[in-house]
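Participant: Chain by chain, the residues:
There are 2 protein chains.
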Amino acid sequence: MKKTDTATCQRLTLRQTARFLKKHDNYIILTHASPDGDTLGSAYALYYALNEIGKAAEVICPEIIPQKYDYFARKTDYVSRDNATIVAVDVADSNLLGALKDEFADKVELCIDHHISNTQYAKNLYLDSDAAAAAECIYDLIAYMRVNINDITAKAIYTALATDTGCFKYSNVTEKTHRIAASLYEFNIDASEINRLMFDTKSKKLLELEKMVLEAAEFHFDDKCFLLTVTAQMQEKTGCSGTELEGIAVISRSLEGVKAGVTVKQTDDNEFKVSLRTYPPLDASAICKKLGGGGHKAAAGASVKGSLDEVKAKVLEAVKEALEESYAGTSSAE
Amino acid sequence: MKKTDTATCQRLTLRQTARFLKKHDNYIILTHASPDGDTLGSAYALYYALNEIGKAAEVICPEIIPQKYDYFARKTDYVSRDNATIVAVDVADSNLLGALKDEFADKVELCIDHHISNTQYAKNLYLDSDAAAAAECIYDLIAYMRVNINDITAKAIYTALATDTGCFKYSNVTEKTHRIAASLYEFNIDASEINRLMFDTKSKKLLELEKMVLEAAEFHFDDKCFLLTVTAQMQEKTGCSGTELEGIAVISRSLEGVKAGVTVKQTDDNEFKVSLRTYPPLDASAICKKLGGGGHKAAAGASVKGSLDEVKAKVLEAVKEALEESYAGTSSAE
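Going down the list, the sequences are from chains A and B.
When the letters of the first sequence are read in order and numbered with my numbering, they come out as residues -19 to 314.
When the letters of the second sequence are read in order and numbered with my numbering, they come out as residues -19 to 314.
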């Protein structure tokens, strides 16, 4: 396996990326940790497309892929690590490779991404920061290479688009996102069933956890900030954890007048995952950067160490600063 | 004003409907009671389009239009009742005209609708039951007549599409729905702000009510039915009522394995509004028909008289029958 020089990252055009994909024969496609619909949908769509043109490819996810993605996340080829070309999709930072970081972080030859915050850790980077989902890049590549799309590829791409946009709800959606979605309806994707699986399959235990979370919810800064907490105790009591908690952050952005929806999830004794959802003029990515994380303008995250009270204080301080900068002269402090 | 013979309803083609709209000069456009994004968005889009081609038009809603629609629901022309041509949009049944029924029910000269259950009460009917929203019909008419769309018309149509599809989530969405949405992004619609207003502006008091509703939630029939109750007491205690309660029905369809999500809202001492959300093979429209209501396959409603217990029993019986028909041979009864 070739060692990549992380100091020099080559930005590729769509044409160059297509040429790169046609040139090699054996691919390992990496997703990010805490896999979501976009990283998985993009990885599998790329896998199916590469298969279509006779390439071998293996999708490797740092964690067990949640069952709900089974309708497109099937068993892929096995590709020997010795002569594989490593591609990462939707992975903005090599740290997000999680358990795969040690083995692959410095060997990624191509990264296909849509995060403006991409740290350019890969040897080659195809980045379209206007894309609502990394899967838009994959769709463009497939179209450019004139590779056949089949039903399962269409399902993977649709899933990625829907999950990264709150089902076409958020500010990252463009005319192009809808045009791609429209074209996927030509295939047998059963979009409403995909959306049911992605958005409307709350388990009874998650319902119990949500009730606890809502009971403990806090408003701050003239109700401009809504803060939800998911403690380890709540997770133990209800048996809800990991990717099952994905939907909680969505609740945090749904309150009237709220500019910053914060979810603080306990991941370890002294560690919390902070998820931030913002509305303009707030920039979630900028706020999370202060906490050592990153992401998009309207949705970002960070992992923060400390006690619950310490982490909450840190996050609220960062949100307060952003509110004060954005609403200078108006009363935004508590 | 001409009297319409309700016994004969003429089905019009798109071309005939466009010709009808070009022929007259003064329109009154009616929406249904409990106005939603589709009836309002369709009515206002039609109003703006008619204005564009030099016609006078007045939008009349049987109830006060909720403030959240202010961004497109502006003051319209005043049109004298004496020489007006009456058009109803998204109104499947003249009973749905509510307070306007007595004055207008037998005078509707054109109904533009997408409900398969349309009762053909109007003299002329343009019905596209494949349309996800009545606004798709309006969009087609505007395109056919080659009338200019401007930003506010685009906002009205986008609102209608988004609200009638759960933001492009449900089974009524087609390739065409996404193609129309894409074309509306060419205008200055700020779709994410519209979606925030429509879906993510839960008030603090609604949050309180939701907590109560979730506490009282019931599962029935092997968890295939999830039932939410909104009593008059809950509404009084939280100060939440009317169209503020719209979002509750959405919760009822979000639980894993649930085929029928039922919301029973108290509207009077001895009367309840039942909202039903179903997944295949259940047909919400068929179930609600048994309760004296109607609607679409995946979303329907009915107004049912009786005590809370009586109404719940009636609804559960109807759901049970449907489940037994659909899952004959399997154990679906409680």
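Calculated from the structure, these hints are not laboratory results.
Treat the hints loosely; a few may be bogus.
Where chains are identical, the list cannot tell them apart; a pair therefore holds if satisfied intra-copy or between any two copies.
Said to hold, decoys possible - Below are the DSS-like pairs computed for lysine-lysine, each with C-alpha atoms no more than 27 Å apart in a straight line:
{"no.": "1", "residue 1": "K294", "residue 2": "K48"}
{"no.": "2", "residue 1": "K294", "residue 2": "K3"}
{"no.": "3", "residue 1": "K253", "residue 2": "K184"}
{"no.": "4", "residue 1": "K182", "residue 2": "K103"}
{"no.": "5", "residue 1": "K184", "residue 2": "K277"}
{"no.": "6", "residue 1": "K285", "residue 2": "K184"}
{"no.": "7", "residue 1": "K253", "residue 2": "K182"}
Participant: Hints first: check each against the structure and report whether it holds.
Facilitator: Against the structure, the hints:
1. K294 x K48: neither (34 Å within a copy, 35 Å between copies)
2. K294 x K3: neither (48 Å within a copy, 66 Å between copies)
3. K253 x K184: Both, since 23 Å and 25 Å are each at most 27 Å.
4. K182 x K103: neither (40 Å within a copy, 46 Å between copies)
5. K184 x K277: between (32 Å within a copy, 25 Å between copies)
6. K285 x K184: Answer is neither; intra-copy 30 Å and inter-copy 31 Å both fail.
7. K253 x K182: both (21 Å within a copy, 25 Å between copies)
Checked against the numbered hints above, the structure violates hints 1, 2, 4, 6; every other hint is satisfied.
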